[in-house]
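S.K.: As a plain string of letters, each chain reads:
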Amino acid sequence: MANLTKEELFQAKIDAEIKIEPKDWMPEAYRKTLIRQISQHAHSEIIGMLPEGNWISRAPSLRRKVALLAKVQDEAGHGLYLYSAAETLGVDRADLMNDLVTGKAKYSSIFNYPTLTWADMGAIGWLVDGAAIMNQVPLCRCSYGPYARAMVRVCKEESFHQRQGYEIMMTLSNGTPEQKAMAQDALNRWWWPSIMMFGPSDADSSHSAQSMAWKIKRFSNDELRQRFVDATVSQAEYLGLTLPDKDLKWNEERGSYDFGAIDWDEFWNVVKGNGPCNRQRIKARQKAEENGKWVKEAAMAYAEKRRKRQQKIKTQEAAKAA
Amino acid sequence: MQSALFDYTLRLGDTSLIIGHRLSEWCGHGPVLEQDIALINIALDLVGQAKSFLEYAGEVEGKERDADTLAYRRLEREFRNVLLSEQPNEDFAFTIVRQFLFDAFQYPFYQRLTQSKDAQIAAIAEKSLKEVTYHLRFSSEWMIRLGDGTAESKAKMQTALNELWMFTGELFEMNETDEMLIKEGIAVDLNEIKPLWEQRVSSILEEATLTQPTTTWMQSGGKKGIHTEYLGYILAEMQYLPRAYPDAKW
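Going line by line, the protein sequences match chains A and B. My numbering numbers the first residue of the first sequence as 1 and each following residue consecutively. My numbering numbers the first residue of the second sequence as 1 and each following residue consecutively.
There could be a bad hint or two in this list.
[Said to hold, decoys possible] Covered stretches of chain A, going by a simulated chain B footprint (3 or more residues, C-beta under 8 Å): (1) 36-50; (2) 61-70.
[Stated by the list, open to error] Some chain B residues well away from chain A (every beta-carbon gap over 12 Å; in silico): (3) Glu61; (4) Gly62; (5) Lys63; (6) Asp118; (7) Leu164; (8) Gly169; (9) Glu179; (10) Asp189; (11) Lys194; (12) Pro195; (13) Glu206.
In case anyone wonders, no lab produced these hints; they're calculated from the structure. Computed from a prediction, not measured in an experiment: that's the story for all the values here. For glycine and all other residues, C-beta sits at the position ideal for the given N, C-alpha and C.
Put together the whole structure using the sequences plus the hints.
M.R.: Now the structure itself:
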């Protein structure tokens with residue numbers, strides 16, 4: 001090993017599935033890629049609280065209200081672990097938050113769609129959390145230790161959320177005709193954005209190849225998307241709902257479902273800020289930051305006063321003792 | 001007796017439900033991520049307590065109304081929550097002051113309620129007391145931190161305190177329901193809670209360098225179903241789905 005350069009040693013560790021830890025040497029590009037990815041992921045959790053938070057005050061039963069509150073709280077918790085994981089790479093949460101509210105940082109575009117009915121709580125849990133799990137399970141083996149470990153916890157909770165969402169869909173599908181129609185409508189609106197969550201097609205994905213070599217990414221966007229579609233078709237059938245894709249059909253040869261063309265125009269437009277709720281999501285975060293400013297300042301001022309008071313007591317005690 | 005017990009459990013359930021609902025409005029909008037999580041925690045506890053009390057209220061009433069029916073199918077005038085619980089969040093200062101004034105009541109109240117001769121009420125109180133102990137610690141710490149923080153935070157806290165003070169008197173109001181149930185050893189005599197509340201409030205306000213309001217006129221009505229204008233909007237939002245689809249199960 002003595003003759004290896006730092007870069008080679010780094011890659012050798014990755015190839016041997018040895019985790020990279022915060023104090024290990026790493027290429028600057030690896031650090032930057034991870035900061036970008038982890039902070040985007042953290043932002044997605046925080047922004048993701050908003051579309052579901054939109055229904056907490058209107059949840060139709062006490063059990064649903066508690067479950068939804070707990071779910072959104074989990075998302076806040078995921079945001080916290082992920083910001084902490086990003087901080088191990090030498091960035092500051094306050095700066096990351098600033099990037100989010102100034103529109104510099106990106107987050108998952110799915111949260112720029114509106115939640116219009118209660119059934120959206122079911123569809124989001126089932127599809128959006130389902131797609132997130134498909135993306136995130138491989139991240140539990142990501143080469144960067146703190147990210148991988150954060151993801152183990154996140155994935156456990158996400159799979160619970162997915163079951164919870166599916167259960168809402170099930171209740172609606174077996175409910176009154178209006179409820180079933182509500183479930184179908186939610187599926188119609190969330191299906192395409194959900195399969196867009198895997199990101200652009202492999203041919204158009206700018207960061208993929210390097211991320212694969214660094215084992216930040218284990219599978220390509222298209223592979224994961226296909227897995228998600230294959231897993232979801234029978235779940236929709238079981239609900240008695242129809243996926244809104246007339247081209248969807250089983251391909252015997254591939255052993256997978258073929259599906260229709262994705263509207264990438266819509267995808268890129270939402271990424272660029274033209275989605276139905278982009279402005280409103282960022283505004284909500286800006287408002288929370290602005291309204292939180294005096295609270296943070298007061299907490300710091302109080303901590304400082306307390307420190308001074310305690311110091312004074314100590315000095316007085318020392319003087320007495322002398 | 002049964003109707004007094006129904007009224008009493010409704011009061012406890014409704015109060016927890018409405019203040020829990022108010023806190024849940026913060027979800028995703030809190031001043032700091034950690035505080036967002038803490039407020040949701042408290043909201044979760046309170047809605048949980050509401051569920052237990054309303055479930056029991058339904059049993060006591062014996063008309064096959066469960067907790068959801070009671071929460072989602074009653075009108076403004078039938079709600080028995082105290083007025084303090086329905087006051088809007090306004091800002092973090094209002095929310096903390098509202099919560100503290102409430103927790104400082106809940107803590108000694110639940111301590112006594114664990115001794116209730118009604119086993120079900122005593123059991124709910126026992127579980128709730130553990131939660132409320134944490135709520136009180138959280139809200140007390142923030143009273144002090146924000147009261148004794150910056151000039152801005154102190155002013156906001158003092159304003160909130162001045163505006164919410166008139167809703168504290170109702171916490172200790174008693175009516176026929178209380179009288180009847182105190183005799184049975186089921187309800188808590190609120191005259192005994194009042195000095196404990198006053199002691200706690202004045203000691204925390206002192207540490208927080210806030211001034212206790214001197215206004216003595218107190219609002220009243222929640223326990224009789226006469227509310228502020230806010231409750232109607234809370235219920236309109238909360239009850240909309242079960243009312244729009246009366247036959248649906250969720």
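S.K.: Now tell me if each hint is right for this structure.
M.R.: Hint by hint, here is what the structure shows:
1. 36-50: With 3 residues in contact (Cβ-Cβ under 8 Å with chain B), the coverage given for the stretch 36-50 of chain A holds.
2. 61-70: Contact hint for the stretch 61-70 of chain A vs chain B: holds, 8 residues under 8 Å.
3. Glu61: holds, 17 Å
4. Gly62: Holds: least Cβ distance 20 Å, greater than 12 Å.
5. Lys63: holds, 18 Å
6. Asp118: Correct as stated: the minimum Cβ-Cβ distance to chain A is 22 Å, above 12 Å.
7. Leu164: Its Cβ never comes within 12 Å of chain A, the nearest being 18 Å, so this holds.
8. Gly169: Holds: least Cβ distance 28 Å, greater than 12 Å.
9. Glu179: At roughly 30 Å from the nearest Cβ of chain A, Glu179(B) sits farther out than 12 Å, so the non-interface label holds.
10. Asp189: holds, 30 Å
11. Lys194: Since the minimum Cβ distance to chain A is about 30 Å, Lys194(B) lies beyond 12 Å and the statement holds.
12. Pro195: Label holds. Min Cβ-Cβ 29 Å, cutoff 12 Å.
13. Glu206: For Glu206(B), whose nearest Cβ neighbour in chain A is about 15 Å away, the distance exceeds 12 Å, so it holds.
Of the hints listed earlier, there is not a single one the structure fails to meet.
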